[in-house]
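K.L.:
For reference, the chains in residue letters:
Number of protein chains: 2
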Amino acid sequence: MKNFKLIIEYDGTCYHGWQRQKTEQTIQGEIEQALFTISGLKITLTGSGRTDSGVHALGQTANFKCDTHLGPDVFFKALNALLPDDIVIKSCEMVDENFHARFNAKSKTYRYWIYNHSIPKAVGRQYAWFIRHPLNYDAMNMAARLLSGTHDFKAFEASGSPRSGTERTVTKAEMIRSTNHYVCFEIEANGFLRFMVRNIVGTLAEIGLGKRTADEIKDILRSCDRSKAGVTAPAHGLFLIRVEY
Amino acid sequence: MKNFKLIIEYDGTCYHGWQRQKTEQTIQGEIEQALFTISGLKITLTGSGRTDSGVHALGQTANFKCDTHLGPDVFFKALNALLPDDIVIKSCEMVDENFHARFNAKSKTYRYWIYNHSIPKAVGRQYAWFIRHPLNYDAMNMAARLLSGTHDFKAFEASGSPRSGTERTVTKAEMIRSTNHYVCFEIEANGFLRFMVRNIVGTLAEIGLGKRTADEIKDILRSCDRSKAGVTAPAHGLFLIRVEY
Numbered sequence: 009m010k011n012f013k014l015i016i017e018y019d020g021t022c023y024h025g026w027q028r029q030k031t032e033q034t035i036q037g038e039i040e041q042a043l044f045t046i047s048g049l050k051i052t053l054t055g056s057g058r059t060d061s062g063v064h065a066l067g068q069t070a071n072f073k074c075d076t077h078l079g080p081d082v083f084f085k086a087l088n089a090l091l092p093d094d095i096v097i098k099s100c101e102m103v104d105e106n107f108h109a110r111f112n113a114k115s116k117t118y119r120y121w122i123y124n125h126s127i128p129k130a131v132g133r134q135y136a137w138f139i140r141h142p143l144n145y146d147a148m149n150m151a152a153r154l155l156s157g158t159h160d161f162k163a164f165e166a167s168g169s170p171r172s173g174t175e176r177t178v179t180k181a182e183m184i185r186s187t188n189h190y191v192c193f194e195i196e197a198n199g200f201l202r203f204m205v206r207n208i209v210g211t212l213a214e215i216g217l218g219k220r221t222a223d224e225i226k227d228i229l230r231s232c233d234r235s236k237a238g239v240t241a242p243a244h245g246l247f248l249i250r251v252e253y
Numbered sequence: 009m010k011n012f013k014l015i016i017e018y019d020g021t022c023y024h025g026w027q028r029q030k031t032e033q034t035i036q037g038e039i040e041q042a043l044f045t046i047s048g049l050k051i052t053l054t055g056s057g058r059t060d061s062g063v064h065a066l067g068q069t070a071n072f073k074c075d076t077h078l079g080p081d082v083f084f085k086a087l088n089a090l091l092p093d094d095i096v097i098k099s100c101e102m103v104d105e106n107f108h109a110r111f112n113a114k115s116k117t118y119r120y121w122i123y124n125h126s127i128p129k130a131v132g133r134q135y136a137w138f139i140r141h142p143l144n145y146d147a148m149n150m151a152a153r154l155l156s157g158t159h160d161f162k163a164f165e166a167s168g169s170p171r172s173g174t175e176r177t178v179t180k181a182e183m184i185r186s187t188n189h190y191v192c193f194e195i196e197a198n199g200f201l202r203f204m205v206r207n208i209v210g211t212l213a214e215i216g217l218g219k220r221t222a223d224e225i226k227d228i229l230r231s232c233d234r235s236k237a238g239v240t241a242p243a244h245g246l247f248l249i250r251v252e253y
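Chains as they are written, first to last, in this note's numbering: chain A, 9 to 253; chain B, 9 to 253.
None of these hints come from the bench; they were simulated from the model. The reader is advised that the hints may include incorrect statements.
No distinction is drawn between identical chains; accordingly, a pair holds when it is met within one copy or between any pair of copies.
[As the list claims (entries may be wrong)] With a straight-line Cα cutoff of 30 Å, these simulated DSSO-like cross-link-like pairs (lysine-lysine) come out:
1. Lys219 / Lys85
2. Lys219 / Lys98
3. Lys85 / Lys50
Turn these sequences into a full structure, and let the hints guide you.
P.N.:
Written out as structure tokens, the structure is:
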């Protein structure tokens, strides 16, 4: 049994997230369908984790096992030939049969883009959250840095999530100021709860708008109470950048 | 009669170009419809020129005349509230009643983006022409610079175009190397023929791929023969950046 590792870029705009669904188009569903066309086999693709509806990825990682004579280069070319142009396989390699894209993931990095200007953008609007009022980047960055370290992130988890363990270790959390009114929040952690990045970004935005102080991040973390955190930032600003193993 | 000047950004992906059509969605059509909603008047919007189906703009310019008590700020806000999010009014100001967006245009600047990498992009694929094989940027830039000055650009005009005068003055033409495998062709001229930028870029790409030499640009210009130039580059890499008056 061969085991293949894929690195995948996708524009999530038209998809109902990563995870296969019966009736809706998903990234996993599209790739599994292409794998079936190539191999004639019903192959299950294991992603490093789900991404929600509308979220993008530059470096989602997945693996699949397959009893095949085909090599990784054949899968790489055939997948890119078959997949729609909003899903691109960036690499395909054969890996140890024990490699598991989810269980072996050591850390993931997300970036969230905000376009902060009084007038919205038409070009690229599908890749950033438009915020009209001026943001205080320094306050946001101060708050972002308070997320570093090991914390219970339950306050930033989607309410009603069934997960039991909500402690995660954040190894990097900062605001990166870009050109042309774009600003980006980057976070690296050993794992993420459902909506965690978007709930953090929604809270940071409220800090940037002066509705909260940077220090409130500490109280929110301590509270473990979703209602203490800010709004959920929209999906379309979020990118899964890379997964480390 | 008041005269208003608009600067407009749009993502041309979903439109059949600038010019109003009976059945298809166009930029001009969308804005005129919004102007009708705001003013109750059938207003004709005069663009600096047409852009073709699928072409984008960061700074298209247009004007419209209207017998109204409304000021430019009201039009600015109401247009942006009514227009779909792939069309954005960047500014609206009152101008002299003689101002005409097409006749008074002194120069226009276009940019054409190419993504040059062995693997395509999913994110941002709607804003750049994907070319898989390595391009020789220096050769392309050398060729681009030969376009500067006053020339008959008939060889780069869409065949069958009815226009009589085909001489134009190019004040800037160069390749700009960007980050992350993007490269951009920028051209400024006192006017453009139909498909001129896309036919130039198609020719430059053939030079970059080594199928032609940079010097051939001179022969193509002299020939005034469309069949001597290269392919027409696809619409989706092209942006109208600004119009000078």
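K.L.:
Next step is simple, just say for each hint if it's right about the structure.
P.N.:
Quick rundown of the hints versus the structure:
1. Lys219 / Lys85: between (50 Å within a copy, 25 Å between copies)
2. Lys219 / Lys98: between (41 Å within a copy, 28 Å between copies)
3. Lys85 / Lys50: Classified as within; 19 Å inside a copy, 53 Å across copies.
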